[in-house]
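Number of protein chains: 4
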Amino acid sequence: MDTWNFWVVGGDARQVTLARSLREDGHTVHTYALERSGDPPCPANDLSGIGEAQCVVLPLPAVKGGRLNTPLSELALTAEQVLGALSPGTLVCGGRMDETLMAQGRALGLRMADYYAREELAVANAVPTGEGTIQIAMEELPVTLHGAKALILGAGRLGKVLAQQLQGLGVKVTVAARKWSDLAWIETWGCESVRSDDLHGHLGEYDLICNTVPTLLLDRPALSELKGGCLVIDLASAPGGVDFAAAQELGVKVIWALALPGKAAPVTAGRIVRDTIYHILTEEGI
Amino acid sequence: MDTWNFWVVGGDARQVTLARSLREDGHTVHTYALERSGDPPCPANDLSGIGEAQCVVLPLPAVKGGRLNTPLSELALTAEQVLGALSPGTLVCGGRMDETLMAQGRALGLRMADYYAREELAVANAVPTGEGTIQIAMEELPVTLHGAKALILGAGRLGKVLAQQLQGLGVKVTVAARKWSDLAWIETWGCESVRSDDLHGHLGEYDLICNTVPTLLLDRPALSELKGGCLVIDLASAPGGVDFAAAQELGVKVIWALALPGKAAPVTAGRIVRDTIYHILTEEGI
Amino acid sequence: MDTWNFWVVGGDARQVTLARSLREDGHTVHTYALERSGDPPCPANDLSGIGEAQCVVLPLPAVKGGRLNTPLSELALTAEQVLGALSPGTLVCGGRMDETLMAQGRALGLRMADYYAREELAVANAVPTGEGTIQIAMEELPVTLHGAKALILGAGRLGKVLAQQLQGLGVKVTVAARKWSDLAWIETWGCESVRSDDLHGHLGEYDLICNTVPTLLLDRPALSELKGGCLVIDLASAPGGVDFAAAQELGVKVIWALALPGKAAPVTAGRIVRDTIYHILTEEGI
Amino acid sequence: MDTWNFWVVGGDARQVTLARSLREDGHTVHTYALERSGDPPCPANDLSGIGEAQCVVLPLPAVKGGRLNTPLSELALTAEQVLGALSPGTLVCGGRMDETLMAQGRALGLRMADYYAREELAVANAVPTGEGTIQIAMEELPVTLHGAKALILGAGRLGKVLAQQLQGLGVKVTVAARKWSDLAWIETWGCESVRSDDLHGHLGEYDLICNTVPTLLLDRPALSELKGGCLVIDLASAPGGVDFAAAQELGVKVIWALALPGKAAPVTAGRIVRDTIYHILTEEGI
Chain A
1 MDTWNFWVVG GDARQVTLAR SLREDGHTVH TYALERSGDP PCPANDLSGI
51 GEAQCVVLPL PAVKGGRLNT PLSELALTAE QVLGALSPGT LVCGGRMDET
101 LMAQGRALGL RMADYYAREE LAVANAVPTG EGTIQIAMEE LPVTLHGAKA
151 LILGAGRLGK VLAQQLQGLG VKVTVAARKW SDLAWIETWG CESVRSDDLH
201 GHLGEYDLIC NTVPTLLLDR PALSELKGGC LVIDLASAPG GVDFAAAQEL
251 GVKVIWALAL PGKAAPVTAG RIVRDTIYHI LTEEGI
Chain B
1 MDTWNFWVVG GDARQVTLAR SLREDGHTVH TYALERSGDP PCPANDLSGI
51 GEAQCVVLPL PAVKGGRLNT PLSELALTAE QVLGALSPGT LVCGGRMDET
101 LMAQGRALGL RMADYYAREE LAVANAVPTG EGTIQIAMEE LPVTLHGAKA
151 LILGAGRLGK VLAQQLQGLG VKVTVAARKW SDLAWIETWG CESVRSDDLH
201 GHLGEYDLIC NTVPTLLLDR PALSELKGGC LVIDLASAPG GVDFAAAQEL
251 GVKVIWALAL PGKAAPVTAG RIVRDTIYHI LTEEGI
Chain C
1 MDTWNFWVVG GDARQVTLAR SLREDGHTVH TYALERSGDP PCPANDLSGI
51 GEAQCVVLPL PAVKGGRLNT PLSELALTAE QVLGALSPGT LVCGGRMDET
101 LMAQGRALGL RMADYYAREE LAVANAVPTG EGTIQIAMEE LPVTLHGAKA
151 LILGAGRLGK VLAQQLQGLG VKVTVAARKW SDLAWIETWG CESVRSDDLH
201 GHLGEYDLIC NTVPTLLLDR PALSELKGGC LVIDLASAPG GVDFAAAQEL
251 GVKVIWALAL PGKAAPVTAG RIVRDTIYHI LTEEGI
Chain D
1 MDTWNFWVVG GDARQVTLAR SLREDGHTVH TYALERSGDP PCPANDLSGI
51 GEAQCVVLPL PAVKGGRLNT PLSELALTAE QVLGALSPGT LVCGGRMDET
101 LMAQGRALGL RMADYYAREE LAVANAVPTG EGTIQIAMEE LPVTLHGAKA
151 LILGAGRLGK VLAQQLQGLG VKVTVAARKW SDLAWIETWG CESVRSDDLH
201 GHLGEYDLIC NTVPTLLLDR PALSELKGGC LVIDLASAPG GVDFAAAQEL
251 GVKVIWALAL PGKAAPVTAG RIVRDTIYHI LTEEGI
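Chains as they are written, first to last, in the numbering used here: chain A, 1 to 286; chain B, 1 to 286; chain C, 1 to 286; chain D, 1 to 286.
To be clear, the hints were calculated from the coordinates, so they are not data collected in a lab. Among the hints, erroneous ones may be present.
Identical copies look the same in the list; a pair holds intra-copy or inter-copy alike.
[What the hints assert, rightly or not] The list that follows gives simulated cross-link-like pairs (lysine-lysine, DSS-like), each with its CA atoms no further than 27 Å apart:
hint : residue 1 : residue 2
1    : K263      : K227
2    : K227      : K149
3    : K64       : K227
4    : K64       : K253
5    : K64       : K172
6    : K172      : K149
7    : K64       : K149
8    : K179      : K253
9    : K179      : K64
10   : K263      : K149
11   : K253      : K149
12   : K253      : K263
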């Protein structure tokens, strides 16, 4: 592997981890706008020198409230300030960059890449998300996961990885999906499968329900079926998949768990971003 | 579930199994052109009565050498003879039906469905294919699979299922793929991953190599790297993924294993076709 | 299953869970000296009526500081008071009852059984202990367990179950043991094995070390080898298996985790005691 | 590891494999009475030179019909001839050596060790035995193991390993045992458990039954309960655990599979003997 000149600018603990991880791999790394993290690796005093960077890493999300997202810094930077200081041809990797930002960068002759849009990052993030879910379940449930019955709603990336992790702990796992091919996949994993349309009437047997789809599957009638003590963990991004008001009225405990990779395993989350950046570098031929 | 009137016409042992399996589910079943199977369930003497069928199941492949594929029958039937005897609106399910046959059927007002083109059948078939592969490996290798090192080429349906099955037996599994997202998937399964482009130089460590992609990955230079006694199982459809001539010269044992579901587990293979037909019936609203 | 008359006397949350669980199975259950638990099932006002019990369940440990162990009660009871109120032939099940107490009971014509001495309880308790360990590891480590390297010291009941659980989450597990047959077992589980005598020089590669043997394996030299951030969880009963003073000086994080079943999964822990009591009842022919 | 002077005398393909395997580890190896194997490594013309051996390996069983067990040789040797040619202090490792032979050797000042009596060999052999069982099941059953229901009789070494292997392939496994602690173990593996006494009335649901205990559990009444097509594999040494006559009358297919390690995986079987011999050498301080 070649070694490159990286600048890691703004963001939270994941950016610190990422910078450290890049240095361990032998790259030259500068950090900026991370000074409140206590221990930012190779902090730069200002943006002078960033013009020599081959790759600049912006946070996830890159921009927040019109400015660069810098929760660990006193500095108020705009994305334009950073982009404007770069040499044409520099690779800029950021998370959830909007079209305006992408266009600004391209107009400056920069190569813009959104690592959060990459499939391999989404796949890899399913592992820390699944483990974060299991940690919550272990903390909340008074029974062991071993021997418990769990229902996973959705057979996508997260449903797939979580099903495997729960099975690895001896959970009896059922997965709900719509498509026949997803139901066939679920059977190959050794789980029970159920069509999303056929859930009602069977929801009372589970100790744990994990939702991964941003559709209101756990509405009031569904929630009324759950047995006492059943824990619901909603992993779907807004608006989630649970009627939270009904759950509260019915006394169903629901935990809406978002952004688990950064919380449950920040070092792993940083490494996943790093690997994705390496893939982008390879593809860009840098 | 409703009960239907099925005719199962032509084909091999899988059709016999399928017919038996449909009867066990309570359907009315007639079989035709399966008389040499010894024990065809409810054999019909001729096609009279087939006009009342709600669903007719043709074999896989449906047509061979210009005639209906009837290896277990003395009868020489054309597909037209069967289709012509059906009532408009009848569902015809067959395997690998070509466009001409599909058009003929539609012109007669029939609903034509190719079960072999269904994703759920392909997914489900990966399980018997994987088991058939393991059976071959057990029969051929003088070492246990437990503790052996295996390389799977390809991370598609079969690569995925086979990786899981081999791991379940304690094999140390590496999977080769091209796409970053596939490599990320492989890591989530707990396997080692390797880029297809980086195989050379590492091929000498495996006891077993299973190829699932119809690309010539195991060419002469690759085969020369294998250690003595390494077994190669090629699961890719023609032209396969191995330079068979080179393998023979180099003394590498290669087994080209095709159509494993019907051979390794005919009853399961028949059930998979049955389930797929049920899905088609549901979607067609029959 | 027959139904019996149980009295559950003293103890903590596990006794409450146990009583509830016995009632769900249809038995007659009275509880005493559990009033501070808020919700003791069928609380008795005094010991009158206990003479009709067929089985009396004492806590774990049964006696503490010379009195019955009643942390959830204002009452100060001696074991003699309870035993003296029972009819001859009554089965008394308690945890860690000393020889004096056993002899007292037998002298009164009671059948005395220590459920904590039963092998099946020790085996079953390994599951909640293992899950409690995993929960701690997830809470403490900034990396995912998936892909992490863990070392388990000891291949007994807990080592065995924990190895399986960690592997189920994708951890790369090594287990250390002394006996050749244990090392052979470890290989059958698909883990790496290492002789306890050969640990030194290899300890620097682990992210997590779980000790299950009450022998000082993790002494100062061993602890000095660990890599930064390695987490040590000591599961061995007193005196543990870690030089805690040295660990503190060396900055190694050690968590000494005892009595995990009752903490991590009190309901499961209660059910395990219940099942063990059923076994005793069966064997006693009650 | 030090290197030693080995003589491998008599026996079948496992001895050939063992000799090859010892040579690969760098030891000096001589073979004798294996000439019909086609390719015995370093064949000796006669026993001259065996006096310098540090370790002599006899076959399994060592003696058959009053002579050394030499199925791959024209030579008719007695054990006395071999033992008499050795120097005092030489280690003699053999399989199933009877007390007479052990005493003869000791009288000559030899160190006698029976590797077949070692626990670690029995544990390690469970892996090839389990795989051999799975191979038979795959060859015989017309359904996939995935999704099939299997019953294992006995929770000893083989029952334990086979349960794990079958589960790894997606089999729904029930294990029958007598002791409460074994039943608790079975639950920790994630299998269903059943008491051996409670088998009757439930035997009709299995596709596969594997017996590991040399007790007549599968008597005529038990066999009459099996469903059509259920396969029975008896892995228990003589007299086995099946009423073979009744099975034949009832049309139940039973395969009595003995000595599977040498048949299913001779190279692995040879390595297991080799490892056991190394353990003996270590313990003997040679």
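Kindly indicate which numbered hints from before are broken by the structure, ordering the numbers from low to high.
3, 4, 5, 7, 8, 9
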